[in-house]
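Protein chains: 2
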Amino acid sequence: MAQKPSIPKGTRDFSPTEVARRNYIIQIIKKHFEVYGFQPIETPSFENSETLLGKYGDEGDRLIFKILNSGDFLKQADYLQEFRAKVSKSIHLINNEILDIVKKNGFTKKDYYKDGFTETLFFGLKKKFGEHHRYLKNDTILRSLLDFNFLRIHDFGQDSSKIERFIDELYKKERSGEFAPKISEKALRYDLTVPFARYVVMHQNEIDFPFKRYQIQPVWRADRPQKGRFREFYQCDADVVGSDSLLQEVELIQLYDAVFTDLKLTGTTIKLNNRKILSGIAEVIGAKHLLIDFTVALDKLDKIGEEKVKEEMLNKGISEIAIEKASPLFAMNGDAAEQLAQLKSLLADSEVGMSGISELEEIISTIKELGLKSASLQLDVTLARGLNYYTGAIFEVSAPEGVSMGSIGGGGRYDDLTGIFGLKDVSGIGISFGLDRIYLVLEELGLFPERLDKSIDVLCINFGEKESLSSLKLVGKLRESGIKAEVYPSAAKMQKQMKYANNRKVPYVVLIGERELLNQEFVVKTMATGEQETYSLKNPGNFIDTL
Amino acid sequence: MAQKPSIPKGTRDFSPTEVARRNYIIQIIKKHFEVYGFQPIETPSFENSETLLGKYGDEGDRLIFKILNSGDFLKQADYLQEFRAKVSKSIHLINNEILDIVKKNGFTKKDYYKDGFTETLFFGLKKKFGEHHRYLKNDTILRSLLDFNFLRIHDFGQDSSKIERFIDELYKKERSGEFAPKISEKALRYDLTVPFARYVVMHQNEIDFPFKRYQIQPVWRADRPQKGRFREFYQCDADVVGSDSLLQEVELIQLYDAVFTDLKLTGTTIKLNNRKILSGIAEVIGAKHLLIDFTVALDKLDKIGEEKVKEEMLNKGISEIAIEKASPLFAMNGDAAEQLAQLKSLLADSEVGMSGISELEEIISTIKELGLKSASLQLDVTLARGLNYYTGAIFEVSAPEGVSMGSIGGGGRYDDLTGIFGLKDVSGIGISFGLDRIYLVLEELGLFPERLDKSIDVLCINFGEKESLSSLKLVGKLRESGIKAEVYPSAAKMQKQMKYANNRKVPYVVLIGERELLNQEFVVKTMATGEQETYSLKNPGNFIDTL
Chain A
1 MAQKPSIPKG
11 TRDFSPTEVA
21 RRNYIIQIIK
31 KHFEVYGFQP
41 IETPSFENSE
51 TLLGKYGDEG
61 DRLIFKILNS
71 GDFLKQADYL
81 QEFRAKVSKS
91 IHLINNEILD
101 IVKKNGFTKK
111 DYYKDGFTET
121 LFFGLKKKFG
131 EHHRYLKNDT
141 ILRSLLDFNF
151 LRIHDFGQDS
161 SKIERFIDEL
171 YKKERSGEFA
181 PKISEKALRY
191 DLTVPFARYV
201 VMHQNEIDFP
211 FKRYQIQPVW
221 RADRPQKGRF
231 REFYQCDADV
241 VGSDSLLQEV
251 ELIQLYDAVF
261 TDLKLTGTTI
271 KLNNRKILSG
281 IAEVIGAKHL
291 LIDFTVALDK
301 LDKIGEEKVK
311 EEMLNKGISE
321 IAIEKASPLF
331 AMNGDAAEQL
341 AQLKSLLADS
351 EVGMSGISEL
361 EEIISTIKEL
371 GLKSASLQLD
381 VTLARGLNYY
391 TGAIFEVSAP
401 EGVSMGSIGG
411 GGRYDDLTGI
421 FGLKDVSGIG
431 ISFGLDRIYL
441 VLEELGLFPE
451 RLDKSIDVLC
461 INFGEKESLS
471 SLKLVGKLRE
481 SGIKAEVYPS
491 AAKMQKQMKY
501 ANNRKVPYVV
511 LIGERELLNQ
521 EFVVKTMATG
531 EQETYSLKNP
541 GNFIDTL
Chain B
1 MAQKPSIPKG
11 TRDFSPTEVA
21 RRNYIIQIIK
31 KHFEVYGFQP
41 IETPSFENSE
51 TLLGKYGDEG
61 DRLIFKILNS
71 GDFLKQADYL
81 QEFRAKVSKS
91 IHLINNEILD
101 IVKKNGFTKK
111 DYYKDGFTET
121 LFFGLKKKFG
131 EHHRYLKNDT
141 ILRSLLDFNF
151 LRIHDFGQDS
161 SKIERFIDEL
171 YKKERSGEFA
181 PKISEKALRY
191 DLTVPFARYV
201 VMHQNEIDFP
211 FKRYQIQPVW
221 RADRPQKGRF
231 REFYQCDADV
241 VGSDSLLQEV
251 ELIQLYDAVF
261 TDLKLTGTTI
271 KLNNRKILSG
281 IAEVIGAKHL
291 LIDFTVALDK
301 LDKIGEEKVK
311 EEMLNKGISE
321 IAIEKASPLF
331 AMNGDAAEQL
341 AQLKSLLADS
351 EVGMSGISEL
361 EEIISTIKEL
371 GLKSASLQLD
381 VTLARGLNYY
391 TGAIFEVSAP
401 EGVSMGSIGG
411 GGRYDDLTGI
421 FGLKDVSGIG
431 ISFGLDRIYL
441 VLEELGLFPE
451 RLDKSIDVLC
461 INFGEKESLS
471 SLKLVGKLRE
481 SGIKAEVYPS
491 AAKMQKQMKY
501 ANNRKVPYVV
511 LIGERELLNQ
521 EFVVKTMATG
531 EQETYSLKNP
541 GNFIDTL
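Top to bottom, those sequences are chains A and B.
Start counting the first sequence at 1; every next residue gets the next number (this note's numbering).
Start counting the second sequence at 1; every next residue gets the next number (this note's numbering).
Just so you know, these hints were derived from the structure itself, not from any lab.
Be a bit skeptical, because a hint or two may be false.
[What the hints assert, rightly or not] Partial pick of chain B residues on the chain A-facing surface, computed with a CB cut under 8 Å: (1) G37; (2) Y56; (3) P218.
[What the hints assert, rightly or not] Using 30 Å as the maximum straight-line C-alpha spacing, the simulated DSS-like pairs for lysine-lysine come out as follows: (4) A:K182 to B:K9; (5) B:K496 to B:K473; (6) A:K424 to B:K493; (7) B:K55 to B:K310.
Built from N, CA and C at the ideal position, the CB exists for glycine as well.
Construct all of the structure, not just a fragment, from the sequences and the given hints.
Rendered as structure tokens:
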């Protein structure tokens, strides 16, 4: 029975033109990676689950594609029954405890609605049932259990069928997460950074540090697919480990500039910030936990104006004094060097802030001295991507003005890349190119070279067995000169063969018919102009030289 | 807690040198694919399970890596309970039936050992319990159930605990296979051919036939890892669909020759056979099912001699008359054309055989006319790879004599590639290059160019901040000329920097110290000879020209 074929959502087939265009971008990125001294490595598509899990937060863990163990993967399936029993035991224990507490204290529904009442109960229960509670994974469940007992069982009476149903729901909700590690020990790579850290630690004795590596491979994420977001996509990363020299920051900025210039994508903006500047600002506004709210609000300065920004900050709980103290940030102007001077007075009392300024000064002045080809470097104190990840420089590249597209590249310095795998104190810094977004930008701006649409240079029309043998010989010589050439496989109607030539956008069609064979010559038709030229079969070099 | 990192068995990390060497092979294959008019496509790493399952036989299905559904993948887990119940029901039904039969007929143990006794019982039961039996997947289980009842339950008495244990075993054995489709809807690609067929059918309206596509992507198989066999490996395939012209066969042979010649791997043998020749031989020996035994035995002719080969054939059940009829195959000699002449008399009465000969004649004579660069074409009537798969030409490439390695490439023509997905009557033909094996052969023969070991052309020693700024400027100019260059990131001890240069096999080290800076010059040290040359910083072109 024939199936109507399809592909999984969030994945893509790439046609010849798309592959040619993607490879065009990749080849240029690769060329500059290599010219900058980066070396390629490749890692397996799947890693042991423990290598990946727990490295990207709970949300990341959820988005990692897990691979089913092969063979009898259900060997441990009995765990499911056991797990059901444990969930049930926990729920009943907690339930009885709640009833006891309610009875002993004579609590009513009114009490339940009192501020802090359920919170107190919650923390007490959590402490008491910690051991069983771990099967319930997270606080939300204990909280809903509390609500359930108080609200759904009227007058705190017991309704065991309802409880059983609740247990069933919980069990169903939790069991996939509990069960996955029992039947899956491998997972598809989620990014290239964690596998790289794993690689560095595993191969530390073969590596000459500083190690400049690049890696261009697909990664997989079980994200909800949407425009420009796929479940399989390429990452193009260059990282240096084992050097804390600011030369790396300088070179990576140059590298961005070199790649985008080579792609003819002029007018990009490389935004630069430093985690230490952000720490300095956090000191100034007096609260680390408000830093993100602060930068998010500040980022809107151009769009909504100073007043609205301050309003938002106040709403988020940032004090008037803090806003006043940070006011120089509202008035920053001039180029990067001038802005740095303004930042200096703001962060004068913050040691970490001043260290960030000094780093930025060195990077910016070196780049100024060396010059950029087509990108502009911009200091952006609101740039906070991967706030908890980066420890020094933070980069982000925006497409030229007028192109509505998020960042087309980003990166930064992270002090302890390999620590998770046991190799301490190795500083890393890296940048990434967003292949899919760069593709969309180049497409929008019409920057793909026309030659990428052409999959073949010369097509020989097939006039029959004897003629095609001569064509094959000619094609052999063309191919030896690196020219993409082929003979149409059968002596089909001329119209059909010419249609094929048009569809494949062949620039030259070669005709060797009966007469040409007799004269030992071939006719070349230039498809764009319709012009025809005759060459000797003994001297195809004369044609080759025109290509 | 730091983990000691590892990678899944059967997978590999590739170091910079390994990536460079693999890319060297891939680039050459790719270059010739393109020069021969093939266009690249790429398909997703995972496909919908129904696209892949059932296409590679039971063994293949087992070796396909399945991806766990994301989210609550156990939504259907209750199926497991249901399945246990069904297995149990089937077993009890069959068990009771056996007991009934035994009792009614007064069978004894002695009967059990009679020839054909259990077979008769088996087919009777199979017919009767077909419906329930499908949960038990295969005949082996019904057979073991029969044995179990007759042998393990003494005197045919019932021991329900033993039966329950048996049911449990069966259930455990079967449930993984039954359960997998419930929790996994996607699977990693097993080869490039099925995804290609799926691609052709899905995109048939955008494709200009004949469609010549190439595809170089990894595939995954849950095979037992062993030397040269991995769970993740690349396939490099070129296929043509929509043309039954023998020109394709000719071109694919030329393509093999072009690639291996370009890799400097001269002396390869391209073995050629045709499925129709094999069908002809099957007619001659009078038995299709003995064809494989026949060709396997015939293949040993060189090693064990005619007598032993005939002995093996007789042992396999091939009749003396058949062997006598096929005797011309034992005496084949000369080149391909001569062998074909000999085959003609053997297969004179077989229409399909003669059609195979005529195809081979055309291919071989055209190749003879066009010539091969370094490979030799050999007719091999014992070549039967993928016997049930190919319908016309069959190819296989062996490494040069003296290199012990299986085939380094193979392929053939298959008449109905896309039929499984509903597009009928599209002939396909394709070849594949075995990247890992080619790698091992090139390594063994020392055929990788030395330049692949060199990851960088020029290293500038870092003498401090001021000097390194000049180095950065020089390096910028070198990079613009496509030269791989870098500045050592910090002013570390000379010894350390030189050690790094040696480890990375840098051919030229550039020195810009205090004196050079003063004189606006740079010193180039050629590492191989120790020679030093001085150039002006204003005129780095003089140095670049020497590279």
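Consistency of the hints with the structure:
The beta carbon of B:G37 comes within 3 Å of a beta carbon in chain A, closer than 8 Å, and the hint placing it at the interface holds. For B:Y56, the interface hint is violated, the least distance from its beta-carbon to any beta-carbon of chain A being 14 Å, above 8 Å. With a cut of 8 Å, the hint placing B:P218 at the interface with chain A holds, because the nearest CB-to-CB distance is about 6 Å. Distance check on the hinted pair: A:K182 and B:K9 sit about 18 Å apart at the alpha-carbon level, within 30 Å; holds.
Among the hinted pairs, B:K496 with B:K473 is consistent with the structure: their alpha-carbon atoms are about 23 Å apart, no more than 30 Å. Restraint check for A:K424 and B:K493: the C-alpha separation of about 23 Å stays at or below 30 Å, so the hint holds. Between B:K55 and B:K310, the direct Cα distance comes to roughly 36 Å. Violation of the 30 Å bound is thereby established for this hinted pair.
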